[in-house]
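**Q** Work out the full structure: start from the sequences and follow the hints.
Taken in order, these protein sequences are the chains called A and B.
For the first sequence, the positions run 1 to 293 when the working numbering is used.
For the second sequence, the positions run 1 to 225 when the working numbering is used.
If you are wondering where the hints come from, they were derived from the structure by calculation, not from laboratory data.
Predicted model, so just to flag it, every value in this text is computed and none were measured.
Careful, some of the hints might be misleading.
Below 25 Å or equal to it, Euclidean Cα-Cα: the simulated SDA-like pairs (lysine to any residue) are [said to hold, decoys possible]:
#1 B:LYS67 to A:ARG288
#2 B:LYS77 to A:ARG215
#3 B:LYS77 to A:PHE4
#4 B:LYS67 to A:MET1
#5 B:LYS91 to A:LEU14
#6 B:LYS77 to A:TYR290
#7 B:LYS77 to A:ARG18
#8 B:LYS86 to A:ALA12
#9 B:LYS91 to A:ARG18
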Amino acid sequence: MFAFIGFSLRRAWLGFWRNGLMSLAATATMVLMLVLLSGLIILLHGLDATLNYVQQEVQVVAYLKDEATPQDIAGLATSLQGMPQVTHVESVSKDKALQDFLARHPDEADVINSLSTNPLPASLQINLRDPNDYLDVATYLKNQPAVDRVLNIKQTVDQMLTVIGILRAGGTAILVAVGLIVLFIIVNTIRLAVVSRADEIEIMRLVGASDAFIRWPFIFEGAFVGLLGAGVTICLLLIGQGQITAFLAGYFQVLPVEAAVTVGQNLILIVLGTGVGIGVLGSYLSVRSYLIR
Amino acid sequence: MQGVTKSYPNGRVALRGVDLTIPEGDFVFLVGPSGAGKSTVIKLLIRDELPTKGAVLLDGRDLGRLKRREVPKIRRKIGIVFQDFKLLPNKTVRDNVGFALEVTGARRREIDPAVDRVLRVVGLTGQADQLPSQLSGGEQQRTAIARALVHNPRLFIADEPTGNLDPMISWEIIQLLLRINELGVTVLMATHNAEVVTAVRKRVVALENGRIVRDQVGAAYHRED
Numbered sequence: 001m002f003a004f005i006g007f008s009l010r011r012a013w014l015g016f017w018r019n020g021l022m023s024l025a026a027t028a029t030m031v032l033m034l035v036l037l038s039g040l041i042i043l044l045h046g047l048d049a050t051l052n053y054v055q056q057e058v059q060v061v062a063y064l065k066d067e068a069t070p071q072d073i074a075g076l077a078t079s080l081q082g083m084p085q086v087t088h089v090e091s092v093s094k095d096k097a098l099q100d101f102l103a104r105h106p107d108e109a110d111v112i113n114s115l116s117t118n119p120l121p122a123s124l125q126i127n128l129r130d131p132n133d134y135l136d137v138a139t140y141l142k143n144q145p146a147v148d149r150v151l152n153i154k155q156t157v158d159q160m161l162t163v164i165g166i167l168r169a170g171g172t173a174i175l176v177a178v179g180l181i182v183l184f185i186i187v188n189t190i191r192l193a194v195v196s197r198a199d200e201i202e203i204m205r206l207v208g209a210s211d212a213f214i215r216w217p218f219i220f221e222g223a224f225v226g227l228l229g230a231g232v233t234i235c236l237l238l239i240g241q242g243q244i245t246a247f248l249a250g251y252f253q254v255l256p257v258e259a260a261v262t263v264g265q266n267l268i269l270i271v272l273g274t275g276v277g278i279g280v281l282g283s284y285l286s287v288r289s290y291l292i293r
Numbered sequence: 001m002q003g004v005t006k007s008y009p010n011g012r013v014a015l016r017g018v019d020l021t022i023p024e025g026d027f028v029f030l031v032g033p034s035g036a037g038k039s040t041v042i043k044l045l046i047r048d049e050l051p052t053k054g055a056v057l058l059d060g061r062d063l064g065r066l067k068r069r070e071v072p073k074i075r076r077k078i079g080i081v082f083q084d085f086k087l088l089p090n091k092t093v094r095d096n097v098g099f100a101l102e103v104t105g106a107r108r109r110e111i112d113p114a115v116d117r118v119l120r121v122v123g124l125t126g127q128a129d130q131l132p133s134q135l136s137g138g139e140q141q142r143t144a145i146a147r148a149l150v151h152n153p154r155l156f157i158a159d160e161p162t163g164n165l166d167p168m169i170s171w172e173i174i175q176l177l178l179r180i181n182e183l184g185v186t187v188l189m190a191t192h193n194a195e196v197v198t199a200v201r202k203r204v205v206a207l208e209n210g211r212i213v214r215d216q217v218g219a220a221y222h223r224e225d
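**A** Take a look at the structure:
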């Protein structure tokens with residue numbers, strides 16, 4: 001068994017170096033495709049984070065009647081906080097609303113000051129886990145005695161959800177399409193490398209090598225190409241990381257900073273897995289066509 | 001071979017109802033024009049192809065009923081050489097021969113003595129560390145013969161082994177095959193080389209259009225009436 005693994009690894013290593021040009025072509029293709037794939041993943045991840053952020057910004061605003069007592073308001077806030085759809089409830093008093101208004105419109109201060117009473121209502125600002133729950137929460141609020149009216153943003157929410165849905169589906173479709181193209185190109189390049197050594201495979205068959213002895217050196221070689229390609233790609237990504245993060249931060253200004261770091265770790269795993277996986281798959285498929293007879 | 005018919009997917013019928021028995025230790029020339037079915041006979045014997053009808057038995061085993069994983073074991077009982085030698089260009093003579101054992105999982109300490117032994121048989125001990133490109137045609141074919149012998153095969157198949165060699169060298173190769181036969185190995189040689197076949201006077205099986213048209217012991221290349 002050890003002799004077999006040793007043999008396969010040695011053959012794979014020799015095979016890689018003796019067919020330098022083909023190995024170089026396969027590795028270069030691998031790097032190019034993996035860079036393309038990881039670039040796309042980074043972009044889509046950024047898009048996803050942005051969309052999540054936008055979704056969390058959806059707020060239901062309920063204006064409260066002036067008669068509502070602080071106890072009524074606190075009770076309502078507590079019951080809202082208990083709803084599974086709600087992430088956060090902020091109570092805005094009449095005074096706070098006035099301050100906010102003045103802060104935003106300093107020019108209107110004279111008008112406001114000329115009034116004897118504060119015309120702005122108190123309100124509850126409710127953040128949702130999922131914008132799709134907007135209607136549930138809004139309906140619940142409308143039936144509360146303390147609530148005067150609920151700001152109707154249903155149309156806006158619907159439009160936003162449609163746009164987000166299209167962006168997500170489009171992103172996934174592009175990723176899948178590019179992924180398949182990458183798979184196809186790499187498998188074909190590896191196939192070329194294997195075909196150029198058809199003689200070797202034929203000789204092995206004729207002298208009575210078992211399928212495993214023929215297959216595994218090529219599979220190890222494919223894994224080696226994948227590993228090398230992934231390694232180079234990861235180095236390129238690490239070198240370019242600073243620029244990528246700066247670019248993303250500039251592009252998606254609203255993003256929380258941690259997003260970039262998690263991309264790094266997952267991406268390295270994805271690149272490694274894809275590289276080695278496709279290398280092995282490509283070799284397996286290519287050699288298989290010689291073994292089935 | 002019992003009642004073997006072989007037709008290829010493209011519709012060409014290569015063999016029609018061929019019956020052929022080769023006893024152990026025999027030396028057989030397989031002759032006939034191109035396309036007569038010589039290559040197909042060889043492909044059936046090494047189970048590179050399966051018969052459309054009939055059965056091919058080797059050492060009492062029906063090759064058509066072998067399991068996939070048994071095929072390599074059967075092939076190790078057969079040594080085969082071709083017109084174009086099929087040597088690996090970047091391996092030395094020694095490594096080319098040893099490769100045949102290496103790919104069957106043999107250990108280094110078993111490989112080295114076996115390789116030395118067959119290199120002595122074919123007379124290439126002095127060229128063991130050269131690459132195929134540094135050898136003459138005859139030496140390359142002898143390397144291929146050594147590789148085919150290194151498993152101690154029971155059956156030795158030579159497909160036009162002298163096709164690329166000049167007459168002098170061809171004779172050397174034939175002498176080598178006769179010696180191998182004397183060591184007790186069954187030899188089947190497909191050839192166009194009339195001079196050699198006629199001179200050696202061994203069993204001659206002639207194929208034409210996929211049928212055996214002559215099977216004569218001690219015969220010449222052409223029919224002698």
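**Q** Indicate, hint by hint, whether the structure satisfies it.
**A** To see whether the hints hold, each was checked on the structure:
1. B:LYS67 to A:ARG288: holds, 17 Å
2. B:LYS77 to A:ARG215: Holds, because 22 Å separates the two Cα atoms, which is no more than 25 Å.
3. B:LYS77 to A:PHE4: Holds. B:LYS77 to A:PHE4 sits at ~21 Å (cutoff 25 Å).
4. B:LYS67 to A:MET1: Distance of about 22 Å is within 25 Å: holds.
5. B:LYS91 to A:LEU14: The given pair, whose Cα atoms are some 11 Å apart, holds under the 25 Å limit.
6. B:LYS77 to A:TYR290: holds, 22 Å
7. B:LYS77 to A:ARG18: violated, 31 Å
8. B:LYS86 to A:ALA12: Holds: B:LYS86 and A:ALA12 sit about 21 Å apart, inside 25 Å.
9. B:LYS91 to A:ARG18: holds, 11 Å
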